[in-house]
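**Q** Protein chains in written order, with numbering that gives the first Met the number 0: chain P, 0 to 433; chain X, 0 to 433.
If you are wondering where the hints come from, they were derived from the structure by calculation, not from laboratory data. Don't take each hint at face value.
Copies of the same chain look alike in the list, so a pair counts if it fits in one copy or across any two.
[What the hints assert, rightly or not] Derived pair list, reagent style DMTMM-like, types lysine to aspartate or glutamate, alpha-carbon separation capped at 25 Å:
1) K212 to E163
2) K388 to D122
3) K157 to E180
4) K83 to D73
5) K212 to E345
6) K174 to D115
7) K157 to E213
8) K83 to E312
9) K120 to E163
10) K174 to D378
11) K157 to D330
12) K324 to E65
2 protein chains.
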Amino acid sequence: MVFTDIATRTHNHNWRLDPIVRSLLDTDFYKLLMLQMIRHLYPDVEATFALINRTTSVRLADVIEESELRAQLDQARSLRFGKKELIWLAGNSFYGKAQMFSPDFIDWLADFRLPDYELHKSDGQYELRFHGPWTHTTMWEIPALTIVNELRSRAAMKGRGRFELDVLYARAKAKLWSKVERLAQLPDIVISDFGTRRRHGFLWQRWCVEALKEGLGSRFIGSSNILLAMDADLEAIGTNAHELPMVLAALADGDEALAAAPYRVLADWQDHYGGNLRIALPDAFGTAAFLRNAPDWLADWTGFRPDSAPPIEGGEQIIRWWREKGRDPRDKLLIFSDGMDVDSIEATYRHFHGRVRMSFGWGTNLTNDFRSCAPFATDGLDPISLVCKVVEANGRPAVKLSDNPAKATGEPDEIARYLRVFGDAGRRAMDVRV
Amino acid sequence: MVFTDIATRTHNHNWRLDPIVRSLLDTDFYKLLMLQMIRHLYPDVEATFALINRTTSVRLADVIEESELRAQLDQARSLRFGKKELIWLAGNSFYGKAQMFSPDFIDWLADFRLPDYELHKSDGQYELRFHGPWTHTTMWEIPALTIVNELRSRAAMKGRGRFELDVLYARAKAKLWSKVERLAQLPDIVISDFGTRRRHGFLWQRWCVEALKEGLGSRFIGSSNILLAMDADLEAIGTNAHELPMVLAALADGDEALAAAPYRVLADWQDHYGGNLRIALPDAFGTAAFLRNAPDWLADWTGFRPDSAPPIEGGEQIIRWWREKGRDPRDKLLIFSDGMDVDSIEATYRHFHGRVRMSFGWGTNLTNDFRSCAPFATDGLDPISLVCKVVEANGRPAVKLSDNPAKATGEPDEIARYLRVFGDAGRRAMDVRV
């Protein structure tokens, strides 16, 4: 006799919607850390976020049905933080610290919901924008990205047979496990999952996290995804992002205030968070300019997350700065998170081993590497470079220069002004694949 | 909410036995073809079959629990042909022929059950023997092999975690699919599954068959496994085996009768079966001897299945013989089935393409290639060379010489006598891995 769970099968073939985002915790940990500070210091700032597809050759509006995209965005808007989720946020320790989130902030989260969105098609792409208080629009970044990325994966797999999908996932698992085996050869590797935003899908990200746990043990330190961290009792990993200096820079009056904005953000940050959360992103307006003018107290911070310079070059630049400030880099931490994969992780690890503490935030190439895995012809499973960036704050344009001009965002005039203020030193265009 | 099918989960963790053989049709098709002839011509012959592990370095009795082995053998003995199985055997066409099995034979099968077995341990190996009428002991060959092979696989996986097993099967699937993709490059390949006896497990064999169907379409012509053929509406593939000439040779009185035995079997065979079932196995006592003395009428047969000579050498030898008999090899068929894998299939295909019709019986390297797939240290999943051979007929020892002395079976004195009768020409020792 063959037994089939008839209710499950019937449900699987009839559901109204297979939700991509099922919890407001299915987001990156840094969003909540930043949100608590934003709500405290900048509760009245209005910020607009926008989806930007840097892989323009992929015409997302031709791939993803608008009705499906709207249904998923609407579904995400229907979510609230669950009771046990808030209890966990209040009761769990993060980075060794109890009560990371204040009771007042937790209370506020209980009423949180994602604000409305604006969606249009233009030239084969979606224009997806979120207007409103920074305290709310900031929370769209990750759900917007996971929804669009996962709808694209689903489109590439639509109508494919059970067997083809079986081979696809078997190959993807075999591929990822080979990577894990290579990383396991590095005795002091420290790695975390940063792959939420560009993941192939939620279930696949969960499998990838499980693989890292199995293969690396305690050398896998956790996930940026709060939901996965909660479910699997992992550390939630992350600190802050470019949106902080970008908004503060946009709000700055005059060039002098603009030049000071990146450091003002970090001063705010260290008022709120200590210890290992004191990680600076140096590249919002170019790492060279940032380090040249950085205050001495920044050398007391735990470390840096170079996020657009080539890892070895960017790391050396920061190590030189620490030395100039009289610090021993061996006491300091570098977190590498820009499009890393096993080759670059190995090379970076070997280069810096013993000279500085290192950790790797492994993103797209962890949770969305299906290249050559499909037993059918498609490029719809190759990852694309999709971001959701702040583009305006209180009606003023926001800019990111980055160490890599290919990752810059903002209006040309404003970019020109920022380049006048921060200079162009050390910036170099490189391919952005993920 | 998480829904779990509680009944299924409870059953999965509590079953008395996970049966390896669940149907008497879970055997090779040639067994039934041979059985019908044996029952017709040799109903009173007693034949003893014995398990022989040619990979002596693997101490099966240390790996497999005797109680588990007995439980599985007993379970197989409890089986009968099912009603719908007999209806299918009677109603299906095989090799394009309706009523391949006589109504009288089908009636007889309805009462069939596997006879008793004798099991002892000796020096780390199992001595597993089946005594009784040839009509019954012959049917133990495949179930005995699948049971021992699968119990060995299970032992290697026992206690392994859900994740490790997931990676194991993902890699095995990825590995097999890569092989299928290579074979799909050969436009005229004709291939069938011969992997029942040495399979990793029944479910895995089913997956492998599905992969060949998906990847090769009509170039995959079927499975030797009758149950899989029935379930998936595939052709059941197979003709005859060494046991026929081995028993007839054992029964022969004197050297002259011995020398004639291999041809007498084939004369019997062509009285029973026609067309594409007229495939001769030339190597029971050495291909060179067999061809030298073969009757002219054998050149009318569809083809040969060289099963122990190196494929290209063995094929060329037979092609020369066809030419000597004035036949065009392009009208003839060679079936290669001795330890084939993609490399040797490709080489053989390319060598003979356009010169002779070819088909490949892909066995162990199809259904049991888990080499390098386990994410844990084990050699328990590497296939071994296990056979179940006739060793006695009516109390007289049976012998196989083979083209490869490493595949010879029988008592030394008898082997010496056979070598006197048939000669040693062309025989060459080679590693037997599977």
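**Q** Compare the structure with each hint and give your call.
**A** Now the hints, each set against the structure:
Taking CA atoms no more than 25 Å apart as the test, K212 paired with E163 passes between copies only; the shortest distance there is 12 Å, against 28 Å inside one copy. Taking the shortest Cα distances, K388 and D122 sit within 25 Å of each other inside one copy (20 Å), while across copies they are farther apart (71 Å). Taking the closest pair of Cα atoms, K157 and E180 come within 25 Å of each other only across two copies (22 Å); inside a single copy the shortest separation is 32 Å, beyond that limit. Taking the shortest Cα distances, K83 and D73 sit within 25 Å of each other inside one copy (23 Å), while across copies they are farther apart (53 Å).
Taking the closest pair of Cα atoms, K212 and E345 come within 25 Å of each other only inside a single copy of the chain (19 Å); across copies the shortest separation is 40 Å, beyond that limit. In the homo-oligomer, the alpha carbons of K174 and D115 never lie at most 25 Å apart, since the shortest distance is 39 Å inside one protomer and 47 Å across protomers. Only between protomers do K157 and E213 lie at most 25 Å apart by alpha-carbon distance; the minimum there is 18 Å, versus 31 Å within a single protomer. Taking the shortest Cα distances, K83 and E312 never come within 25 Å of each other, neither inside one copy (44 Å) nor across copies (72 Å).
Proximity of K120 to E163 under the C-alpha cut-off of 25 Å is found in neither arrangement, the shortest distances being 32 Å within a copy and 45 Å between copies. For the identical chains of this complex, K174 and D378 are neighbours both inside a copy (17 Å) and across copies (22 Å), given an alpha-carbon limit of 25 Å. In this assembly of identical chains, K157 and D330 lie within 25 Å of each other by CA distance neither inside one copy nor across copies; the values are 50 Å within and 45 Å between. Proximity of K324 to E65 under the C-alpha cut-off of 25 Å is found in neither arrangement, the shortest distances being 53 Å within a copy and 72 Å between copies.
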